Amino acid sequence: MKENRSIGLDIVRASAIIFVVSVHFFLNTKYYETPIVGASMYIQTYIRMACIMCVPLFLILTGYLQKNKQPSKSYFKKILPILVIYLFYSLLCIIFRSTILNERPGILNWLVSIGNFSADSYSWYIQMYIGLFLLSPFLNVCYNNLKGKRHKTALVIIALFMTAFPATFNGKFGGFINFPSSWQSIYPITYYFIGCYINEFKPRIKKVQSLLLLFGIILLETFIEIYGSHLNGQKFSSYVGGYDSLIITIEAVVFFLVFYDIALDNELITKAISIISLLSLDIYLVSRITDTIVYNQLFKHYFVSQERVILFFMPTLLCTFSLAFIIASMRNKIIKVR
1 MKENRSIGLD IVRASAIIFV VSVHFFLNTK YYETPIVGAS MYIQTYIRMA
51 CIMCVPLFLI LTGYLQKNKQ PSKSYFKKIL PILVIYLFYS LLCIIFRSTI
101 LNERPGILNW LVSIGNFSAD SYSWYIQMYI GLFLLSPFLN VCYNNLKGKR
151 HKTALVIIAL FMTAFPATFN GKFGGFINFP SSWQSIYPIT YYFIGCYINE
201 FKPRIKKVQS LLLLFGIILL ETFIEIYGSH LNGQKFSSYV GGYDSLIITI
251 EAVVFFLVFY DIALDNELIT KAISIISLLS LDIYLVSRIT DTIVYNQLFK
301 HYFVSQERVI LFFMPTLLCT FSLAFIIASM RNKIIKVR
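Taking the UniProt record's numbering, the leading residue of the sequence shown gets 1, the next gets one more, and so forth.
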């Protein structure tokens with residue numbers, strides 16, 4: 001374990017991977033098929049909106065850590081460990097799907113699934129991250145050559161205008177507001193620039209007040225989603241938006257600013273957080289397998305209704321995360337890639 005690791009950044013990364021595993025609870029149960037009515041579904045919606053900042057946190061963290069990277073051979077070689085980890089879990093998923101799930105699409109289709117990132121259905125993030133990794137040094141040239149804080153603030157605001165504003169406002173208010181949306185899909189770059197900005201200017205915020213603000217933002221998102229469900233047969237409608245939403249961007253930024261500069265003195269807690277942070281990519285990818293195992297058992301033995309399944313949220317999360325962590329630790333011991 002490197003001594004110069006930032007525990008604040010490790011907290012952000014460890015939290016992000018826990019949020020990933022948590023938000024998959026709703027993907028793997030019947031949340032999206034169930035009317036958002038009653039206290040249980042309201043609570044589930046709040047938890048879902050709290051956890052949806054998972055990917056934005058990873059992207060902000062990428063910008064924060066990659067800000068000063070240069071386009072060099074040594075930099076681009078660093079993509080290799082990520083590809084090795086991806087290949088390992090793709091092959092593991094193929095073995096799992098062919099032996100345990102009895103899927104038989106054929107060897108050629110399995111090979112194609114590795115190339116198109118479908119062998120492990122959670123690996124869409126790797127597909128996106130590879131592009132961001134390759135672009136990072138050139139994005140840095142753009143960002144670092146701007147003159148002063150004002151120009152860099154303008155860059156972030158313009159990026160938000162191009163991505164977060166259309167994602168949040170288009171299609172609402174009777175079509176009265178309609179921001180240009182051609183660039184909406186480049187939201188990872190928006191988060192990247194936000195991370196660069198935080199790295200350079202190191203904004204400090206009041207922790208307690210900001211945590212209260214964060215809870216309030218998530219509560220607002222919950223109310224908006226409950227309202228949106230009434231426009232969609234009481235089913236979840238993603239009315240707030242996805243990862244590119246302005247509100248979710250604010251949520252992720254507030255969370256990041258609360259924790260990125262925190263210091264901890266407890267060596268045991270610090271080590272545990274650092275290990276989870278170090279294995280976050282592994283946990284993310286192998287959770288496709290552990291989710292399948294755990295949720296199959298959940299539906300087989302415990303599922304009665306979506307309203308009642310919330311009682312199993314924490315046990316389910318603990319089981320799938322623990323299994324993923326064990327497999328990730330074994331991979332890290334057996335196959336050293338960095």
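Just so you know, these hints were derived from the structure itself, not from any lab. A portion of the hints provided could be inaccurate.
Simulated pairs of lysine to aspartate or glutamate, EDC-like, Cα-Cα distance not exceeding 20 Å [stated by the list, open to error]:
{"no.": "1", "residue 1": "Lys67", "residue 2": "Asp265"}
{"no.": "2", "residue 1": "Lys300", "residue 2": "Glu33"}
{"no.": "3", "residue 1": "Lys149", "residue 2": "Glu103"}
{"no.": "4", "residue 1": "Lys271", "residue 2": "Asp261"}
{"no.": "5", "residue 1": "Lys30", "residue 2": "Glu307"}
{"no.": "6", "residue 1": "Lys235", "residue 2": "Glu307"}
{"no.": "7", "residue 1": "Lys69", "residue 2": "Asp265"}
{"no.": "8", "residue 1": "Lys207", "residue 2": "Asp261"}
{"no.": "9", "residue 1": "Lys235", "residue 2": "Glu33"}
{"no.": "10", "residue 1": "Lys206", "residue 2": "Glu267"}
{"no.": "11", "residue 1": "Lys202", "residue 2": "Glu267"}
{"no.": "12", "residue 1": "Lys207", "residue 2": "Asp265"}
{"no.": "13", "residue 1": "Lys67", "residue 2": "Glu200"}
{"no.": "14", "residue 1": "Lys147", "residue 2": "Glu103"}
{"no.": "15", "residue 1": "Lys152", "residue 2": "Glu103"}
Just so we're clear, the structure is a prediction, and the values are computed from it rather than from any experiment.
The hints, checked one at a time:
no.	hint	verdict
1	Lys67 / Asp265	violated (28 Å)
2	Lys300 / Glu33	holds (18 Å)
3	Lys149 / Glu103	violated (54 Å)
4	Lys271 / Asp261	holds (17 Å)
5	Lys30 / Glu307	holds (9 Å)
6	Lys235 / Glu307	holds (13 Å)
7	Lys69 / Asp265	violated (30 Å)
8	Lys207 / Asp261	holds (10 Å)
9	Lys235 / Glu33	holds (6 Å)
10	Lys206 / Glu267	violated (25 Å)
11	Lys202 / Glu267	violated (25 Å)
12	Lys207 / Asp265	holds (18 Å)
13	Lys67 / Glu200	holds (9 Å)
14	Lys147 / Glu103	violated (56 Å)
15	Lys152 / Glu103	violated (50 Å)
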